[in-house]
Amino acid sequence: GAGVSQSPSNKVTEKGKDVELRCDPISGHTALYWYRQSLGQGLEFLIYFQGNSAPDKSGLPSDRFSAERTGGSVSTLTIQRTQQEDSAVYLCASSSRQSKYGYTFGSGTRLTVV
Amino acid sequence: DAKTTQPTSMDCAEGRAANLPCNHSTISGNEYVYWYRQIHSQGPQYIIHGLKNNETNEMASLIITEDRKSSTLILPHATLRDTAVYYCIVRVYNNNDMRFGAGTRLTVKP
Chain A
327 GAGVSQSPSN KVTEKGKDVE LRCDPISGHT ALYWYRQSLG QGLEFLIYFQ GNSAPDKSGL
387 PSDRFSAERT GGSVSTLTIQ RTQQEDSAVY LCASSSRQSK YGYTFGSGTR LTVV
Chain B
43 DAKTTQPTSM DCAEGRAANL PCNHSTISGN EYVYWYRQIH SQGPQYIIHG LKNNETNEMA
103 SLIITEDRKS STLILPHATL RDTAVYYCIV RVYNNNDMRF GAGTRLTVKP
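Respectively, the protein sequence lines represent chains A and B. Here my numbering is used: the first residue of the first sequence is 327, the next is one more, and so on. Here my numbering is used: the first residue of the second sequence is 43, the next is one more, and so on.
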């Protein structure tokens, strides 16, 4: 597609439920990032995928968080047993090595845990 | 480790130039300086990038010091819509690893 697509755009879930957030990167982009942004805060790095290399998971805040990227394209971020502090906007970005603009971000998924 | 330092916040009067500084004293010879901005809760958007020469596009100008240890993003005539968080990042051109720091929250006031 023309841009990075994230779904859903908004998600309200009950505390303790599992959620899946989807990111569809720009076709051909080999790199993909997930960031989290709480209200009024900066971007918090979560995980980085680069091609077929092992992902950099150093930013995942707990073992309730996991992410995968199937076929080097679509990525899913899963949060198990959601907590209220998980409420935030989850942003995905993709890039290719040849992209002089660096990363293109999606519009994000706003997650609210009630 | 974002490798850059920026002031937390700045104000600018509408119609005046906004000058946003960034320090990147440990920048390597093959690292570019990139600037992005994030308006409200949208995803960050690319503004401009440069290696060592000053750059200008329709959005902004980028001034990089001769030693490349710092740079300044210039919005020549700031408008209220330029109120945003501005991120300065360094990146090896052919490397996808880019980490965002806290950025500078610019408020343009009427």
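The hints are simulated quantities; they were obtained by calculation from the structure and are not laboratory data. Among the clues, some could well be false.
Said to hold, decoys possible - Residues from chain A that face chain B, not an exhaustive set, calculated with beta carbons under 10 Å:
(1) SER333
(2) LYS341
(3) VAL345
(4) LEU369
Unchecked claim - Straight-line alpha carbon distances no greater than 25 Å define the calculated SDA-like cross-link-like pairs of lysine to any residue that follow:
(5) B/LYS111 x A/ARG390
(6) B/LYS45 x A/THR402
(7) B/LYS111 x B/VAL134
(8) A/LYS426 x A/VAL439
(9) A/LYS426 x B/ALA55
Keep in mind that this is a model prediction, so the values were computed, not measured. A virtual CB, placed ideally from N, CA and C, is assigned to each residue, including glycine.
Okay, the hints, checked on the actual structure:
1. A cut of 10 Å between beta carbons decides the hint on A/SER333: the least distance to chain B is about 14 Å, and the hint is violated.
2. Of the supplied interface hints, the one on A/LYS341 is violated, with its beta-carbon coming no nearer than about 22 Å to a beta-carbon of chain B, more than 10 Å.
3. Restraint check, A/VAL345 versus chain B: the minimum CB separation of about 18 Å is more than 10 Å; hint violated.
4. For A/LEU369, the shortest C-beta to C-beta distance to chain B is roughly 4 Å, which falls under 10 Å, so the interface hint holds.
5. Taking the CA atoms of B/LYS111 and A/ARG390, the gap is about 40 Å. The hint is violated against a cut of 25 Å.
6. For the hint linking B/LYS45 to A/THR402, the alpha-carbon distance of about 28 Å lies beyond 25 Å, and the restraint is violated.
7. Distance restraint check for B/LYS111 and B/VAL134: the Cα-Cα separation of roughly 15 Å lies within the 25 Å cut-off, and the hinted pair is therefore satisfied.
8. In summary, the hint linking A/LYS426 to A/VAL439 is not supported, as the alpha carbons are separated by about 37 Å, beyond the 25 Å threshold.
9. With a CA separation close to 32 Å, the supplied pair A/LYS426 and B/ALA55 exceeds the 25 Å bound.
Hints 1, 2, 3, 5, 6, 8, 9 from the earlier list are contradicted by this structure; the remaining hints agree with it.
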